[in-house]
Every structure is written in C-alpha cells, then in structure tokens.
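Undergrad: Take a look at the letters that make up each chain.
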Amino acid sequence: MSQKVLLTAKEINIILHRLACQLIENHLDFKDTVLIGIQPRGVRVAERLKKILEEEYHIESIRLGYLDITFFRDDFRRGDKTLEANKTRIDFLVEGKKVVFVDDVLYTGRSIRAALTAIQSFGRPAEIELLTLIDRRFSRHLPIQPDYRGRQVDAINEEKVEVTWKEQDGEDTVFLVNK
Amino acid sequence: MSELSVDHLLGIKYLQKRDIDLIFETADHFKEVINRPIKKVPSLRDVTIANLFFENSTRTKLSFELAEKRLSADVINFSASQSSVKKGETLIDTVNNILSMKVDMVVMRHPNPGAGVFLSQHVNASIINAGDGAHEHPTQALLDSYSIRERLGEVAGKKVVIVGDILYSRVALSNIFALQLQGAEVKVCGPKTLIPKYIHTLGVGVETNLRKALEWCDVANMLRVQNERMDISYFPTTREYAQQFQLNKTLLDSLNKEIVVMHPGPINRGVEITSDVADSGQAIILNQVENGVAVRMAVIYLLASKIKQ
Numbered sequence: 000m001s002q003k004v005l006l007t008a009k010e011i012n013i014i015l016h017r018l019a020c021q022l023i024e025n026h027l028d029f030k031d032t033v034l035i036g037i038q039p040r041g042v043r044v045a046e047r048l049k050k051i052l053e054e055e056y057h058i059e060s061i062r063l064g065y066l067d068i069t070f071f072r073d074d075f076r077r078g079d080k081t082l083e084a085n086k087t088r089i090d091f092l093v094e095g096k097k098v099v100f101v102d103d104v105l106y107t108g109r110s111i112r113a114a115l116t117a118i119q120s121f122g123r124p125a126e127i128e129l130l131t132l133i134d135r136r137f138s139r140h141l142p143i144q145p146d147y148r149g150r151q152v153d154a155i156n157e158e159k160v161e162v163t164w165k166e167q168d169g170e171d172t173v174f175l176v177n178k
Numbered sequence: 000m001s002e003l004s005v006d007h008l009l010g011i012k013y014l015q016k017r018d019i020d021l022i023f024e025t026a027d028h029f030k031e032v033i034n035r036p037i038k039k040v041p042s043l044r045d046v047t048i049a050n051l052f053f054e055n056s057t058r059t060k061l062s063f064e065l066a067e068k069r070l071s072a073d074v075i076n077f078s079a080s081q082s083s084v085k086k087g088e089t090l091i092d093t094v095n096n097i098l099s100m101k102v103d104m105v106v107m108r109h110p111n112p113g114a115g116v117f118l119s120q121h122v123n124a125s126i127i128n129a130g131d132g133a134h135e136h137p138t139q140a141l142l143d144s145y146s147i148r149e150r151l152g153e154v155a156g157k158k159v160v161i162v163g164d165i166l167y168s169r170v171a172l173s174n175i176f177a178l179q180l181q182g183a184e185v186k187v188c189g190p191k192t193l194i195p196k197y198i199h200t201l202g203v204g205v206e207t208n209l210r211k212a213l214e215w216c217d218v219a220n221m222l223r224v225q226n227e228r229m230d231i232s233y234f235p236t237t238r239e240y241a242q243q244f245q246l247n248k249t250l251l252d253s254l255n256k257e258i259v260v261m262h263p264g265p266i267n268r269g270v271e272i273t274s275d276v277a278d279s280g281q282a283i284i285l286n287q288v289e290n291g292v293a294v295r296m297a298v299i300y301l302l303a304s305k306i307k308q
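First to last, the protein sequences are chains E and R. Read in numbering that gives the first Met the number 0, the first sequence has 129 at position 130, and its numbers run on one by one without any break. Read in numbering that gives the first Met the number 0, the second sequence has 125 at position 126, and its numbers run on one by one without any break.
What the hints contain is simulated information worked out from the structure, not anything from laboratory work. Misleading hints may appear alongside valid ones.
The calculated BS3-like cross-link candidates involving lysine-lysine, where the alpha carbons are at most 25 Å apart (straight line), are [said to hold, decoys possible]:
#1 R:K305 with E:K86
#2 R:K60 with R:K101
#3 R:K101 with E:K86
#4 R:K101 with E:K80
#5 R:K39 with E:K80
If you're wondering where the values come from, they're calculated on a predicted model, not measured in any experiment.
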C-alpha cells in the first residue's frame, strides 16, 4: 500500500475559503439556504464551511443539518457487510429552502442519489446543489455533477481518495491511497 | 460488530450481548426515522415478509406490520382462523406453501413452545418468533429493555421486578434472559402458584410480597393475568389477586423513591394495575408501544441484511 499527499492542510484551507466565497456569491445572507452534511464524512467539511462563513464572513447562524443515507442506499444485501447507520439531525424544515449538500469525495454519485431521495422525508426543497471537496471525475455511475468543486482528481478504481481531519485524525490532509 | 450472530430471532436465549447492543443502536436510528414527516425508508423494497399468526394478537401484529411497511417490505398476512390449518395441514406444509410464493422472512406467533425453532430447522427463510406459547417473545423483551435504557440511561445494574403470571408468560422468560444478559438484576413476584418451581435456576430472586418487591426495584414490569391459558384456578378470585398484587396509586406513592412502571399490554385496568398508575408519568407503557416499532424495524433490517440475494 502506498499513499501520496494530494492536498496539504494549507491547500485545504485555501480551497475551503474559496468554496465559502462561491457559496456567498450564490446565497448572499443564507436566509433561505441550508447546509446538509452527508454522513459520515461530509459532516466535517460542512462544519468547517459553517465556521468560515460565520467567523470570517460574519454571516449569522448558518443552518446546518446532518443527513444519513444508509437506509436509502441501493446496495442493501449486495455486499458482505450489514450497512451501519449514522445519526441524522435536521432540526429545521427543508420545505421551500435552497439545500446545499456537502460531501468530502464525489465518486460514483450513488451516495448523492440516495441523499436526493432521503432529503424528501424532510420536505420539498426549492432547489438542491452539491458541494464536494474532491471530485473524482471519470468514475461516475450516474449523471450527477457538483455545483461547487474543491479539487478535481483523476484516480483509477483501485485507488482510494482519503480525507483526514485535524479534529478526528490529527491532521487535515487529502491522500491518494493505492491498495 | 455490525452483524447479528444469528440468522433468526427465535429467542433471547440465542443472542449475545453485542447483538442486543447492535439492535438498540440500529433502533435509535429508526426511532429518528419514524418521527420524521415522512416515516418510511426504502431499504427492504425487494424483501417479502409473511406474518403468520396462529394465535390472536393485535398490538404485536400491528407493530410488526407497521415496522415492515416503514422499511418498504412487501407484506402478506395470515391468520390461522381463516386458513387450511383448520383443514388439517401441517405447519411445515403451510409455511413451505407460503415460501413457494418467494417469501424471504417469516414472522410467526404460535401457541406451541419451540414452534419457531422447529420451523427454522425445516424451512429456508429467516424466522422471527413473535411469541411461541409460554416460551419466548423476544421482540417484546427487546423493546422493554430498550424502553428502560431510554428512560434510565442504561440497563446494566438496574433492578427489575416482573410481577404477575410468571408461569404462563413468555414475556417474563424473554425479559429475564434479556435483562440478565445486559447486567440487570431480576426478581419475580406473584402468587406462589404462578411462579415456576425451578425459577431460581435462572438466577432470579422470588418475592411474594409486592410492597417489598417494589421497594427493592428500579423498574416494575406488571404482567397481565392470562386467564385464557389457565385450565385450573391458580388463585381464588380476581379480587383477591388484585388485593395482593395490584399496583395502585396509594402503594406507588408510599414508596420512598420513584420507580418506572411498565406493562406489555393489553392492560386489565383495575386488576394488575389501576388506571391512575397506568396513566401516570411514571408509566412508560405507551413509550413501549412506540419503541416496539423502532426495535422491530431494527431486528427486521439486521436479519434481512443477512439474507443473500
């Protein structure tokens, strides 16, 4: 197994600031916009973006929810393992809101397909956008593309893109891992 | 972790502690799901479940059916009263006929103890025991423990007394296994005639004085007297039973602590429990019913994920 650093902590920080600015460009004061972090790994990206938007761009009280897609996945009973769920926490209605899905890596697009179905349990959003820190292009199984993209990465199927965060793994880094 | 150690839920006896932990963690997620505006998830859309009830049931059947539907499974229902069982068909034949219609999972209630175990050895489907005679009722015990965990934080170290008809109660036996597995202490309380002779071999204490039992416990699980199962008289009159073993407000208020009151339903108001207690803030009877759906969703989800396509 070998691994290569794709993004360092400094680069991730710059990218997150750019993504935050792009969000402001489209959503201004976030009055009708909510951020939804896709469990488990999109939550950290969403929390960082919320922090940057609130602390550095002084946008008050960004609404952030966590969406777990386990029960909406299309590979139930297809793998060897039972799919384990994470917590869903959405304390507001998404009816009529502009929803921004936030995830760390966009790969096949199947998680986002599941998230599109799952979010309907909480109302009918006015529109849904997708923000992803890493976009693995050429590996999509479905016609899904991000609206906000941190970095585009070309990786072959045996390779895995791993994102680590200071809060849980000790350091902000994006790795390309070759198994 | 992350997978059950069993392929069927036949009884708590066959489970390990980690299975119960996994069921409860999964049930936490489903409890959140059933409190959403849209209470349904598509996980089991390619799974078909047959509910076979060879014995009457209202709440268990409804609870299972709702759990199955909230998981998007296809459901077929069968009651013995309207079936070929009356015409002399055997259990294995009945079930195999139903399975020929491509059913993946069977939820069965049956008057004979061990019916679920027997069936699991002879047919090719995942079996959930929804009560087999006076033997086990595993999902009831799971939802009882889940409700205790929800109210008191954890089950380990808690003292639980099961009051009433222990002899004929599958709820009592499954609860004893479940509570002990999670590290709770269990006592049973009731008329001597309704307490099995060898109950102490399960490591369960016996108390025939209700007040003493209540003073000892953190949780009291009040069982219904199952007159329909009794072929002889185990106590002189219902009135006398109520005088000795009824949980009423006066008794509850005279204790020097606040205990949690449970009942698996259906309640005989005025017999084992009075209305003012059943409707009080200390009773978690309706929470048990709500949790029943979430716990059954978890059990069905975890067992279904072990059925390979």
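Undergrad: Against this structure, judge whether each hint is valid.
TA: We went through each hint and held it up to the structure:
A distance of roughly 22 Å separates the Cα atoms of R:K305 and E:K86; the hinted pair therefore holds under the 25 Å criterion. Note on R:K60 and R:K101: the hinted pairing holds, with a Cα-Cα distance of about 21 Å set against a maximum of 25 Å. Among the hinted pairs, R:K101 with E:K86 is inconsistent with the structure: their alpha-carbon atoms are about 34 Å apart, more than 25 Å. With a C-alpha separation of about 23 Å, the suggested pairing of R:K101 with E:K80 holds against the 25 Å cut-off.
Pair hint R:K39 plus E:K80 holds up; C-alpha atoms about 23 Å apart against a cutoff of 25 Å.
Hint compliance for this structure: hint 3 alone is broken.
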